Amino acid sequence: MIKPLGLLLFYSLFGSPYSHGAAGKLGFVEGDVRLNRVQARDYVDVSVGDLLETRKGKCTILLAGNHVIHIGQDSRIKLTDFVMNQGQEKTTLDLAYGTTRALVRSQKSLKRAFNIRARAATMGVRGTEVYIESPRSLAKPQKFLTIDGVAELTFPQSRNAPGVQVAPQKVLLKQGQMIETSGGSADTTSSSKPQVQNIPKEIASEIAAATVPQSSEIRTTEQLAASPEVDVVTPAFSNGIATTPGFWDAVAPKPFDPILDKPATIAVDVRVTKQ
Amino acid sequence: MDEKLSALAIKTWLFVLTGLITLDVDLSWAADETNRQIARTYGTFYFQQRDFAQATAKLEEHLSGDPEDSDSWNLLGLLHLANGKPDKGSRAFFKALEKTSRTHAKRGIYLYNYADALNRQSRTENARSVLRQAARFPGTRQLAEVALKELRPGAPLVKREAEQTSAWSGSVLVSSGYDSNVLLFSESLLSVAPNTNTASPTASLVFEAKRSGTLWSQGLWLRTLAGSTLYTSPDSRPYNSAFAIIGVNWGRTEPEISMTSHHFGTQLNANFLNLNGFRFHNLDQSLTWTMSYPHDSNAESEWKLPVSYQVFRTETGDDPENDRTGFGISPSLAHRRTLGPGKLSIAARHERLFAKGKNYQSRTWALPLLYQLPVFTNTASIGLEGSHVSYSQSSAQRNDRIWRLSFGLARSFSKALSASLDYSLRKSLSNVDLAAYDKHAVMMTVNYAIF
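Sequence order for the protein chains is A and B.
Each residue of the first sequence is one higher than the one before, starting from 1 at the first, in the working numbering.
Each residue of the second sequence is one higher than the one before, starting from 1001 at the first, in the working numbering.
Rather than coming from a laboratory, the hints here were simulated on the basis of the structure.
On a predicted model such as this, the values are computed, not experimentally measured, just so you know.
Glycine included, each C-beta is placed from N, C-alpha and C at the ideal position.
Heads up, a few of these hints could be off.
Straight-line C-alpha distance at most 20 angstroms; calculated SDA-like pairs for lysine to any residue [claimed, not checked]:
1) A/LYS201 x B/GLN1048
2) A/LYS108 x B/LEU1063
3) A/LYS108 x B/GLU1033
4) A/LYS25 x B/ALA1057
5) A/LYS111 x B/ASP1032
6) A/LYS201 x B/LYS1106
7) A/LYS201 x B/MET1291
8) B/LYS1210 x B/LEU1148
9) B/LYS1106 x A/SER205
10) B/LYS1358 x B/GLU1321
11) A/LYS25 x B/GLN1049
12) A/LYS25 x B/ARG1050
13) B/LYS1106 x A/LYS25
14) A/LYS201 x B/HIS1262
15) A/LYS201 x B/MET1259
16) A/LYS108 x B/ALA1082
17) B/LYS1106 x B/ASP1032
18) A/LYS108 x A/ALA64
19) A/LYS201 x B/THR1260
20) A/LYS25 x B/GLN1048
21) A/LYS108 x B/PRO1067
22) A/LYS174 x B/ASP1032
23) A/LYS25 x B/ALA1053
24) A/LYS201 x B/ASP1032
25) B/LYS1439 x B/LEU1425
26) A/LYS108 x B/ALA1053
27) A/LYS201 x B/SER1261
28) A/LYS25 x B/GLY1170
29) A/LYS108 x B/SER1261
Which bits of chain A does chain B cover? Going by a derived footprint, with three or more residues having C-beta under 8 angstroms, they are [to be verified]:
30) 29-41
31) 60-71
32) 95-105
Given only the sequences and the hints, what does the whole structure look like? Please build it.
Structure (structure tokens):
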């Protein structure tokens, strides 16, 4: 009991080993991105208290050599807290508005608290990948999505009526689950629990895809040559022998006239025009 | 009894079809995928700073704990290539290939990169062999074919795709053959009552123009077609026809494996017949939604939902119950996969026609099957389709069972010229005598691309 109190006193007086140093680096800066109101560039340090703002731009924070936080267009996010010491790690990000996709590395040996605070709720990432969309407009709904792993969503306590206080409400969001608030903030009164939606894998990926800078993953040598637009990883169903007339026609719906029997050569399906 | 058997056959078929589809659906979501993405992001980040040591160290540390991550092996190989170490690069690409199945979505990319590393080490014959394998994958086919043509020992592979052909293309199609039963059975129910069982040599001439492009970052295809079919036998001449088709399809250009993709299309068909003068006979307009799911590079499932409206010419004095004008819907579920040396395609289709005339309100169940395989330089195909058509509102309570068997042989002689020889047998068994028939057709078709 004495040791934690002592550490707390020590840190409050002198700060933690990481709190005043660089917590991470900025990377994949694309377009208009500002760090503490100054145009940002790749590889600069990101420290506790730093404010990142994007307009028509995106970027990524590479945090502590372990985590990846992609920040989408028109966003404002602050690294409020980052402490790492003796097998423990605590991170807090405040998302004023915008979109973020956080990939938090899972390490069994480390006790970790990774929280992203948005207007309507705080998302505690237990591991490993989450997405938050918090539009600038208060009237628009916010989205909290767990792409992989598990996250805990905590809605702040609210007042139904003067003097009546409702305790904070916690919702566990598993992989592929999303909560969308009904504009401004979620209604967290006991009578209406936030609705959890199940999102298919491909939809979840699509929702979060726009947040990621294009240059953050490389698969080809062309991309290595600083050509992030190129992506030849687009496998398609092999049409090796599908060129024979009639291949698609045989399983495609026929004209529904069961009477008029025409020569097969005039059957047409525009899909076969794909090369 | 027949209907019960038909229903049982349909249920069995659907069960088999559903089983084939669900067997291939991979619902797993790799639990360590996030750690993999993180490692690759850091590797890429350090590489972009030209910090090769940090980039490779980060990836090697990750791969020591997760050696199954083929994408990270691929990235490590690329880093070695960029750092002028193709020997280390080829070892990493080989690892990536080791960790993927033969149908893995990205295998073509890994093969291509592996060939690049081998060629830079002047192992040109090995590189050539690997490039041939890469050319079997749709995503890398063009790149690999160009690289094969321009392979220079010790040099990086040429990285450009084959030149795109013009967005417009056009072709002319000529077919000729013999039809044992020039059939327009429906007309026999009309007052004219023409002969329904005439045999005739036949020829068709068709012009086709196609254009491909993009709209809202999706593929857009336009196809127009116009032609005519002629019968030389005097009895069959009323069935000489002219037709025009225009279709537009919009959707994903290259469907990704394990991702559903959607296409939306519309098509207008118009037919003119030589009955009582060359006049409009019928047209139909359809809207189709297609959803496809490639399980891997060898298997695909597809759901189609066409909704159509057809208009048929009617004349004064025609029985209104014979009016075929009306809406139709024709959903189908198909599955295609590689089987042995060829490709198998099976499907189930249901059709409903809500015609104005009761004699043509129909309900169809059809089960088509097609197998195609390469034979020397040709492609052979065999098809079989069984269908049951019920006209439950018709005055004769008509029920048809139709079998269709077909054989085909197709060959491309050059990029512009291809030909096919087809035979088909269509046998209709019906409780209405006039609707029972056999029809044999042999057709030779030549297609030539004119631009």
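Hints, verified against the model:
no., hint, in the structure
1, A/LYS201 x B/GLN1048, "violated, 30 angstroms"
2, A/LYS108 x B/LEU1063, "holds, 17 angstroms"
3, A/LYS108 x B/GLU1033, "holds, 16 angstroms"
4, A/LYS25 x B/ALA1057, "holds, 17 angstroms"
5, A/LYS111 x B/ASP1032, "holds, 18 angstroms"
6, A/LYS201 x B/LYS1106, "holds, 19 angstroms"
7, A/LYS201 x B/MET1291, "holds, 17 angstroms"
8, B/LYS1210 x B/LEU1148, "violated, 30 angstroms"
9, B/LYS1106 x A/SER205, "holds, 18 angstroms"
10, B/LYS1358 x B/GLU1321, "holds, 5 angstroms"
11, A/LYS25 x B/GLN1049, "holds, 12 angstroms"
12, A/LYS25 x B/ARG1050, "holds, 15 angstroms"
13, B/LYS1106 x A/LYS25, "violated, 30 angstroms"
14, A/LYS201 x B/HIS1262, "holds, 16 angstroms"
15, A/LYS201 x B/MET1259, "holds, 9 angstroms"
16, A/LYS108 x B/ALA1082, "violated, 34 angstroms"
17, B/LYS1106 x B/ASP1032, "holds, 18 angstroms"
18, A/LYS108 x A/ALA64, "holds, 16 angstroms"
19, A/LYS201 x B/THR1260, "holds, 11 angstroms"
20, A/LYS25 x B/GLN1048, "holds, 13 angstroms"
21, A/LYS108 x B/PRO1067, "holds, 19 angstroms"
22, A/LYS174 x B/ASP1032, "holds, 15 angstroms"
23, A/LYS25 x B/ALA1053, "holds, 17 angstroms"
24, A/LYS201 x B/ASP1032, "holds, 15 angstroms"
25, B/LYS1439 x B/LEU1425, "holds, 6 angstroms"
26, A/LYS108 x B/ALA1053, "violated, 27 angstroms"
27, A/LYS201 x B/SER1261, "holds, 14 angstroms"
28, A/LYS25 x B/GLY1170, "violated, 55 angstroms"
29, A/LYS108 x B/SER1261, "violated, 38 angstroms"
30, 29-41, "violated (count 0)"
31, 60-71, "holds (count 6)"
32, 95-105, "holds (count 3)"
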